[in-house]
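Heads up: the sequence shown begins at 1 in my numbering, then just goes up one per residue.
No lab work stands behind these hints: they were computed from the structure. Backbone N, C-alpha and C fix where the C-beta goes; we use that ideal spot for every residue, glycine too. Any given hint could be a false lead.
As the list claims (entries may be wrong) - Taking lysine to aspartate or glutamate and the EDC-like style, the derived pairs with C-alpha atoms no more than 20 Å apart in a straight line are:
| hint | residue 1 | residue 2 |
| --- | --- | --- |
| 1 | K370 | E292 |
| 2 | K193 | D380 |
| 3 | K363 | E382 |
| 4 | K304 | E251 |
| 5 | K184 | E2 |
Stated by the list, open to error - If you anchor each label on the Cβ, the simulated ranges turn out as follows:
| hint | residue 1 | residue 2 | range |
| --- | --- | --- | --- |
| 6 | H76 | Q300 | 17 to 27 Å |
| 7 | E372 | Y22 | 26 to 36 Å |
| 8 | N77 | Q13 | 49 to 59 Å |
| 9 | E117 | Q300 | 24 to 34 Å |
| 10 | D17 | K361 | 37 to 47 Å |
| 11 | S221 | Q185 | 34 to 44 Å |
| 12 | E372 | E145 | 30 to 40 Å |
| 13 | H103 | F385 | 55 to 65 Å |
| 14 | Y164 | Q31 | 19 to 29 Å |
| 15 | Q300 | Q62 | 30 to 40 Å |
| 16 | W29 | E80 | 20 to 30 Å |
| 17 | A261 | D113 | 20 to 30 Å |
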Amino acid sequence: MEVLFTYHDSLLQQVKDSFFRYMMEKIKWNQRMLAIKGPRGSGKTTLMLQYIRYRLNKPREQVLYVTADHYWFYTHNLVETADEFYKNGGRYLFIDEVHKYPHWSRELKNIYDGFPELRIVFSSSSALDIYRGEADLSRRVITYELPGLSFREFLVLGGYGNFYSNSWEQLINDQHEITGTILKQIQPLPLFKKYLRYGYLPVFQEGPPEEVPIRLSQTISTVIETDLGYIQDYTSGTAFKVKKLLGVLAESVPFKPNIAALARKLDVSRESVYTWFTHLQNARLLNLLSAEGKGVALLQKPEKVYLENTNLAFALKATPDMGAIRETFLLNQLANLKMEVVLPTSGDFLTAGMHIEVGGKGKTAKQVKKQEAYIIAADDIEMGFGNKIPLWLFGFLY
């Protein structure tokens, strides 16, 4: 197993402690088994390695990080690896990209049941349904979701300052105090435009900004061809049609889908289109919005379809519509907080009893003023007033 420890040591030396994702403090790391899901490139690997190096602080023989697609697993399985690790003093096993390992759930169950003193942390694609594998892990694993960066995290990672996150209630009730504190450190509007274009994933630090759309295009292909290939058994033909579907949606988001027309265009059944919508949402490439009063079901048409984040819009279309970008950003931040968001009869979004209208600095309350509780999320303003809140401030919710 020395080859695995050498790989572990090499990766550990590369991580720094200059920036930690907010989830570092949210995760209860003392669970016997926990899973970290998230979109490709959101920082799951870095999060685990930082925890090992800077928080866990255990002797080398007790801790091992592996990735499920390491060549070691061409000739060894997870259970025998865990067995040898455990017998030599191992107590903390971290497994990256577990969705790339065949029969992952069955072997994780065997490890959990067979080595009661071993703590297991594993990461996977957002698209993986951890509770529907071959083995029942629902009573054994706690799952956490790591989304892309908030605007606040982008600012901290980019070295623009240190900022605190705020709860939804704080943002609604104390916007002036929060905004005033932030404005003492930065001018948010030009930085917010950068974030919308390329700042959602930590990958923006790996090269010039103009390369981010290219990297994201490659990521989209990898998610569909590889991740969904592993998880949903996509063939090359299926992957091509799913990418075509995403391309069609990107041209006109927010998209009110005509399922029959999409099915004809792709030459597939309506059921396939419904299923692919769900796959793309689970893979964090889309956000699906249901109408107020309607539930969410697999074979139910969403009322509106959005790209999951604004960076995808710039990767898939040279000049995306700014109105769509604003709505995409706000829905993304609320969805990442696990807030239930629906399409109301008036306004753009309804969440936590609050109707939200999204627009530019001149946006009025005409659409929502008859509602008991409403706010306007306005772009291109530094400071809000009354029921109007700067759009960028919603990037400080996590």
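Results of checking the hints against the structure:
Taking the CA atoms of K370 and E292, the gap is about 17 Å. The hint holds against a cut of 20 Å. A distance of roughly 10 Å separates the Cα atoms of K193 and D380; the hinted pair therefore holds under the 20 Å criterion. Restraint check for K363 and E382: the C-alpha separation of about 14 Å stays at or below 20 Å, so the hint holds. Proposed proximity of K304 and E251 is supported: the alpha carbons are some 14 Å apart, at most 20 Å.
For a cut-off of 20 Å, the pair hint linking K184 to E2 is broken: about 52 Å separates their Cα positions. Judged by the Cβ atoms, the range 17 to 27 Å given for H76 and Q300 is violated: they are separated by roughly 44 Å. At roughly 32 Å, the beta carbons of E372 and Y22 sit within the given window of 26 to 36 Å. As the Cβ distance of N77 to Q13 is approximately 28 Å, the hint placing it in 49 to 59 Å is violated.
Hint check: E117 to Q300, Cβ distance near 45 Å, so the stated range 24 to 34 Å is violated. Evaluation of the 37 to 47 Å hint for D17 and K361 yields a pass: the beta carbon distance comes to about 39 Å. A hinted range of 34 to 44 Å holds for the C-beta pair S221 and Q185, which are about 38 Å apart. Checked against the hint of 30 to 40 Å, the pair E372 and E145 passes, with Cβ atoms roughly 32 Å apart.
Take H103 and F385: their Cβ atoms lie about 58 Å apart, and the range 55 to 65 Å holds. A beta carbon spacing of about 27 Å between Y164 and Q31 agrees with the range 19 to 29 Å that was offered as a hint. The supplied range of 30 to 40 Å is broken by Q300 and Q62, whose beta-carbon atoms lie about 48 Å from each other. Taken as a hint, the range 20 to 30 Å holds for the pair W29 and E80, whose Cβ atoms sit roughly 26 Å apart.
The hinted window of 20 to 30 Å between A261 and D113 is violated, with their beta carbons roughly 50 Å apart.
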